[in-house]
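Participant: Listed below, chain by chain, are the residues.
2 protein chains.
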Amino acid sequence: MSACEFESLEKSLETHLPEAELREVKRILFGKETRKLDLPSCAVDAASERDFELKGYGFEAAQEQLRPPRRIRVGLIQHRIVLPTDAPILDQINAMHNRVGEMVEVAAMCGVNIICFQETWTMPFAFCTREKHPWTEFAESAEEGNTTRFCQELAKKYNMVVVSPILEREELHDTLWNTAVVISNSGNVLGKSRKNHIPRVGDFNESTYYMEGDTGHTVFQTQFGKIAVNICYGRHHPLNWFMYSMNGAEIIFNPSATVGALSEPMWPIEARNAAIANHCFTCAINRVGTEHFKSEFTSGDGKKAHHDFGHFYGSSYVAAPDGSRTPGLSRTSDGLLVVEMDLNLNRQISDKWSFKMTGRYAEYAEKLTKAVTHDFKPNIVKE
Amino acid sequence: MSACEFESLEKSLETHLPEAELREVKRILFGKETRKLDLPSCAVDAASERDFELKGYGFEAAQEQLRPPRRIRVGLIQHRIVLPTDAPILDQINAMHNRVGEMVEVAAMCGVNIICFQETWTMPFAFCTREKHPWTEFAESAEEGNTTRFCQELAKKYNMVVVSPILEREELHDTLWNTAVVISNSGNVLGKSRKNHIPRVGDFNESTYYMEGDTGHTVFQTQFGKIAVNICYGRHHPLNWFMYSMNGAEIIFNPSATVGALSEPMWPIEARNAAIANHCFTCAINRVGTEHFKSEFTSGDGKKAHHDFGHFYGSSYVAAPDGSRTPGLSRTSDGLLVVEMDLNLNRQISDKWSFKMTGRYAEYAEKLTKAVTHDFKPNIVKE
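Read top to bottom, the protein sequences are chains U and B. Residues in the first sequence are numbered consecutively from 1, following full-length UniProt numbering. Residues in the second sequence are numbered consecutively from 1, following full-length UniProt numbering.
Heads up, a few of these hints could be off.
The list treats identical chains as interchangeable, and a pair is accepted whether it falls inside one copy or across any two copies.
Stated by the list, open to error - 27 Å max Cα-Cα, derived DSSO-like pairs, lysine-lysine:
#, residue 1, residue 2
1, Lys156, Lys382
2, Lys157, Lys382
3, Lys26, Lys36
4, Lys294, Lys382
5, Lys304, Lys132
6, Lys352, Lys36
7, Lys377, Lys156
8, Lys132, Lys303
9, Lys11, Lys156
10, Lys11, Lys32
11, Lys156, Lys304
12, Lys382, Lys370
13, Lys370, Lys26
14, Lys11, Lys157
15, Lys11, Lys26
16, Lys303, Lys352
17, Lys304, Lys294
18, Lys26, Lys352
19, Lys377, Lys11
20, Lys382, Lys356
21, Lys156, Lys32
22, Lys303, Lys32
23, Lys157, Lys26
No wet-lab data here; the hints were simulated from the structure. Since the model is a prediction, treat every value here as computed from it, not as a measurement.
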């Protein structure tokens with residue numbers, strides 16, 4: 001069985017483990033069990049016709065006396081590219097709009113309030129090729145590009161907040177950025193969040209295309225909660241998640257593009273750790289499939305030139321502040337994950353565990369300020 | 001099956017999954033497979049006679065041209081208390097010395113260079129009772145207590161660095177601390193590291209007994225590598241791991257005491273995330289079993305008074321900077337985990353992933369300094 005054939009960890013466990021052991025294994029691996037959502041049959045049928053996986057789970061919170069529940073539904077979409085990477089660019093973009101559009105329609109049937117797409121969702125993840133052309137042509141204005149207009153229509157039509165991660169061209173200076181556009185359910189562009197940390201690893205030195213983001217750790221107050229976007233490689237940096245949380249994020253999305261050989265064992269760890277450490281929900285989204293490029297390229301690993309760099313393993317999931325998580329979407333197919341959460345859980349868990357109050361942040365601020373100077377003397381004791 | 005009967009996740013998977021699926025499941029759950037160590041038969045026999053689990057795994061690193069391998073062996077010990085909690089205190093301590101002493105002897109047979117015991121290993125984890133007496137009588141001087149002298153003997157006898165987490169009494173001021181004493185293989189006390197973050201959660205407000213540590217993020221340069229100790233609840237704080245790493249730690253130990261209902265799904269996440277994020281090895285150690293106390297106590301959860309607060313689930317493990325980890329020790333029995341690691345792996349993974357160079361730490365120092373002021377204005381965008 002090769003890594004791009006294996007459908008999912010969850011399915012394997014459910015198929016083979018006896019009931020009593022499965023319960024213990026799932027408790028240890030996934031925490032408190034998430035409730036399966038009863039999704040409308042029209043949505044189930046549409047997902048089946050349109051050939052994508054549809055799964056729904058709910059996280060519970062306790063009933064409080066003074067606050068009503070703040071129960072919302074989040075949708076995560078993972079998908080393959082639709083057309084070959086050498087098809088005309090506009091055709092590729094339009095095909096992706098159509099595909100995601102029909103998935104968002106199902107999300108609307110499921111009552112989703114906030115939806116997030118995968119990193120640079122309108123294009124193949126071509127940054128391994130190191131070619132500037134034609135890939136930079138996929139870049140669009142965050143405020144006025146076709147993709148943003150498309151998402152604004154979706155937002156208005158379905159009364160849904162849309163998080164749309166694209167390759168951004170800032171037209172004034174012709175600079176490129178890896179940017180998530182956040183569109184309110186009113187259809188207005190609420191703002192944008194640029195990728196804060198840029199990888200130089202494996203096939204990717206993405207600073208060939210775009211540099212570290214300058215939008216800081218903006219949090220967007222939507223009708224359905226305070227959200228933030230930590231794009232892809234930023235999930236490896238605990239301080240990045242932390243600063244979004246310090247600005248009040250209740251849900252942090254992590255739209256990503258990452259392949260099995262590189263990162264798969266880290267995938268279930270990092271977003272989930274961030275949910276635990278910051279008393280918030282995190283949503284990890286990864287694309288699916290293998291993308292073939294016409295020109296061959298090398299990976300800086302001594303191996304032969306090749307036309308693809310491996311299998312994007314999907315496995316999108318949502319993690320909760322209490323350490324629990326949903327099962328993941330498939331490793332191999334397009335999918336929509338619908339997750340109901342009561343945002344009151346964040347404060348309930350914070351009141352229980354108190355990481356923000358026991359964090360000694362003022363001391364870390366002082367220590368970090370000293371540690372970043374070039375002449376920092378680390379505290380090492382020798383015999 | 002109750003949570004204190006279930007032996008281990010790993011065993012359940014290995015018993016029930018077909019070979020090909022097991023390989024994929026283990027790859028996703030544990031990363032690159034660790035090599036099983038071929039431990040000497042005298043050690044295997046002694047562990048069996050002395051009724052504890054003995055497991056050994058090795059992490060590999062690439063061969064370099066300019067640096068020889070820095071291959072060392074680390075030992076983690078998890079155990080139950082030996083005598084009932086109402087036995088005379090000195091008897092309890094001596095019984096624990098004997099038990100751990102016979103386990104360390106086996107570690108020496110296995111070539112262990114650095115050994116770490118569980119949090120406050122000489123005593124029951126009695127801080128749930130909120131009684132000061134008799135528990136504070138377990139406290140000892142870090143520099144001159146009997147337990148430190150016992151560990152110094154072990155260190156010299158076996159040429160082993162010993163990390164000994166105890167309840168410390170600082171005699172000058174009669175203050176108590178939760179402290180790990182680090183003893184060089186020469187037998188000298190190299191220093192101590194006090195618990196930086198103190199829980200106020202569930203059964204435990206440990207500040208009833210001891211306050212936040214004042215020893216900062218000291219790293220100890222030993223003959224076998226640079227080590228640090230992040231005690232128990234400190235594992236929930238990513239900044240804590242991070243500052244040990246900023247001071248150069250190559251291995252961070254996390255001696256703990258934590259029970260299933262509270263934290264088990266978080267256990268495999270946090271130390272492992274720290275190993276990934278900080279390009280170092282982390283060693284998570286938890287005690288085993290259920291501890292009964294003579295006086296009943298309540299847990300602040302509306303439930304009836306009781307005499308124990310649940311099952312310590314063991315499951316000690318080691319995580320590597322490449323995202324891989326060893327299987328865990330049993331959830332139910334005493335155990336010694338022997339792990340061989342080549343410390344060169346840390347720099348190799350750092351050179352690959354470059355988190356320290358892409359971390360933008362200077363910007364976080366500035367942001368955190370602002371964020372900790374009481375009049376901090378979070379960056380929240382509204383429509």
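Participant: With reference to the structure, classify each hint as holding or not holding.
Facilitator: We went through each hint and held it up to the structure:
For the identical chains of this complex, Lys156 and Lys382 are inter-copy neighbours only, at 17 Å across copies versus 64 Å inside a copy, given an alpha-carbon limit of 27 Å. Taking the shortest Cα distances, Lys157 and Lys382 sit within 27 Å of each other only across copies (21 Å), while inside one copy they are farther apart (66 Å). With identical chains, the CA atoms of Lys26 and Lys36 are at most 27 Å apart both within one copy (14 Å) and between copies (26 Å). For a Cα distance limit of 27 Å, the shortest separation of Lys294 from Lys382 qualifies neither inside one copy, at 56 Å, nor across copies, at 44 Å.
Within a single copy, Lys304 and Lys132 get their C-alpha atoms as close as 22 Å, which meets the 27 Å cut-off; across copies the closest is 67 Å, which misses it. In this assembly of identical chains, the alpha carbons of Lys352 and Lys36 lie at most 27 Å apart only when taken from the same copy (26 Å versus 40 Å across copies). Proximity of Lys377 to Lys156 under the C-alpha cut-off of 27 Å is found in neither arrangement, the shortest distances being 55 Å within a copy and 31 Å between copies. Proximity of Lys132 and Lys303 under a CA criterion of 27 Å is satisfied intra-copy only: 23 Å inside one chain copy versus 64 Å between copies.
In the homo-oligomer, the alpha carbons of Lys11 and Lys156 never lie at most 27 Å apart, since the shortest distance is 36 Å inside one protomer and 51 Å across protomers. Taking identical chains as interchangeable, the C-alpha atoms of Lys11 and Lys32 lie at most 27 Å apart whether they share a chain (18 Å) or sit on different chains (21 Å). Proximity of Lys156 and Lys304 under a CA criterion of 27 Å is satisfied in neither setting, with 48 Å inside one chain copy and 52 Å between copies. In this assembly of identical chains, Lys382 and Lys370 lie within 27 Å of each other by CA distance solely inside one copy; the values are 21 Å within and 35 Å between copies.
In the homo-oligomer, the alpha carbons of Lys370 and Lys26 never lie at most 27 Å apart, since the shortest distance is 43 Å inside one protomer and 41 Å across protomers. For the homomeric pair Lys11 and Lys157, neither the shortest alpha-carbon distance inside one copy (35 Å) nor that between copies (51 Å) is at most 27 Å. Both within a single protomer and between protomers do Lys11 and Lys26 lie at most 27 Å apart by alpha-carbon distance, with minima of 12 Å and 14 Å respectively. Taking the closest pair of Cα atoms, Lys303 and Lys352 come within 27 Å of each other only across two copies (16 Å); inside a single copy the shortest separation is 51 Å, beyond that limit.
When the C-alpha separation of Lys304 and Lys294 is checked against a cutoff of 27 Å, the pair qualifies only within one copy, where the shortest distance is 15 Å, while the shortest distance between copies is 69 Å. In the homo-oligomer, the alpha carbons of Lys26 and Lys352 lie at most 27 Å apart inside one protomer (23 Å), although the nearest pairing across protomers, at 33 Å, exceeds that limit. Taking the shortest Cα distances, Lys377 and Lys11 never come within 27 Å of each other, neither inside one copy (50 Å) nor across copies (45 Å). Only between protomers do Lys382 and Lys356 lie at most 27 Å apart by alpha-carbon distance; the minimum there is 24 Å, versus 34 Å within a single protomer.
Taking the closest pair of Cα atoms, Lys156 and Lys32 never come within 27 Å of each other, the shortest separation being 35 Å inside a single copy and 46 Å across copies. For the homomeric pair Lys303 and Lys32, the shortest alpha-carbon distance between copies (20 Å) is at most 27 Å, but the shortest distance inside one copy (44 Å) is not. For the homomeric pair Lys157 and Lys26, neither the shortest alpha-carbon distance inside one copy (38 Å) nor that between copies (44 Å) is at most 27 Å.
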